[in-house]
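Going line by line, the protein sequences match chains A and B. For the first sequence, numbering that gives the first Met the number 0 assigns the number 0 to the initial residue and increments by one for each residue that follows. For the second sequence, numbering that gives the first Met the number 0 assigns the number 0 to the initial residue and increments by one for each residue that follows.
There may be inaccurate statements among the hints.
[Unchecked claim] Residues of chain A clear of chain B, computed beta-carbon distances all greater than 10 Å:
id	residue
1	46
2	104
3	133
[As the list claims (entries may be wrong)] Listed next, the stretches of chain B that the computed footprint assigns to chain A, with coverage defined by at least 3 CB atoms under 8 Å from CB atoms of chain A:
id	region
4	116-122
5	179-186
The hints are simulated quantities; they were obtained by calculation from the structure and are not laboratory data. Quick reminder that beta carbons are idealized off the backbone N, C-alpha and C, glycines included.
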Amino acid sequence: MTSFLTDGLIHAAFWVVVGLTFGGAVLAVFPRNIVYNVLGLIVCLSGVAGLFLYLGSFFLALMQLLIYVGAICVAIVFAIMLSPPLHLEAPKRRIPKLVLSAGAAGLFFAAIAAVSWKTAWKPAAQRGTDWSITTIGHFLLTKYSLVFEVISLVLLVAIIGAILTTGFSRRLSS
Amino acid sequence: MTEAVTNTGGDWLRLIVGLILVLIFSQLNALFLVWLERKVAGHIQLRYGPMEVGPHGLLQTIVDGIKLVGKELITPFKADKKLFVIAPVLVFMPVLVPFLVLPFGPELIIRDMNVGLLLIFAFSTFSVLAILVGGWASNNKYALLGAIRSVAQNVAYEIPLLLSVMSVVLMVHSFKFSELVMAQQRIWFIFLQPVAAIIYFICATAETNRAPFDIPEAESELVAGFHTEYSGMRFGLFFLAEYTNMFIVCAVATSLFLGGWHGPFGFSLGIPGVVWFLAKTYFLLFVLMWFRWTFPRVRFDQLMNFSWKVLIPLSMLNLLVTALVLKFV
């Protein structure tokens, strides 16, 4: 009885999380108010954290919240605060821009879908039994160190880009 | 790790009882802290503070709470109504989560997760988002300015906060609160990591928007900052969340640097752990209030410079030295 109830609850929680992710994604794309977009993104990313929780990785779920919601979304909010005021009328959506961004998103989706389709998924239990934070840390610095370094390279590029843009715009305005 | 999702019956009961206790405790704690704040403020300014309702004004905040509940909830005409209503709920929900992992005593942890410390920091980010939503939805320039300042301040102070905590985590090799506290049975970490402890406490003051870092709600320039337009219990929820957050940062400071439920240098003096824990936490809360009524408010540029140019390099250096010492000594 208890296990039936628990199973039901877990399934319900899964669909709630999926709903949050999709609903958040829709909110992140369609409204014309950029603050709504960011809030949608936050809901969506929190939903992804819920998916990690459902997969049993509490650590990844918390890192998702800490990095994507706590750092990235707050940084986006920061950028919005520095952008033109919201009460001005939003410019119309331009068709070429829309097509281009839809194409880019579609391409990305196709790539991700292809990768996940081709991967031979094995249940975690068959691949190993030790999934502690220590193991994740060891793997990040040994087997997956390239991925780890590439991510930091992306951050470095972002920082240099930020410095360049602010530097240029300042020189232009003065 | 799947235990977090799949519980058996006994665990559910423990969780539900724990949650109810947490709800009651957070309300009582806020009522007490508001009274204490007014008393501390009063005595620092050579007056008595509340004296009329109950002995030494003890019942004053209960009366104030009832007044707040009874007040009309005003929504500004041009506010973004949905977000305006959601913000106070959003600010209060995440402050209940950290109580799941706070170690009140050896047996008094609702759930001793192995990522306990991370859980607290992951959910603390929601409160700044809620402040932002509330300030933006109010459609009021003071509220928006307060929200902007709050975001800038939280971004700046979260980095040294996490870095200072990391040096303790490096020493214990764990995010689990029970292990973090057990490691301090003989010597509290404030003696081994004094720099980290001081950085943590400064950043915690800033993260909870307390004076001298209270520029998001600086009364003399921004009316009331991000909650200018809020009335009644919606304002009350912001207030409750602020005082509960104060308790959480002090409780984390107690368990990371002041030995949690342990007495000093391994002497418990026959006093139960939970009493030690609460005594140290409320002492830190008193220090926070002491800060507020003795330090003048800092300017915005001073605030930013202090974090980016002093605290962050210092906490990185501290982390580096900790790592080197652990590796080679």
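Here is how each hint holds up against the structure:
no., hint, in the structure
1, 46, "14 Å, holds"
2, 104, "25 Å, holds"
3, 133, "8 Å, violated"
4, 116-122, "holds (count 5)"
5, 179-186, "violated (count 0)"
The earlier numbered hints that this structure contradicts are 3 and 5.
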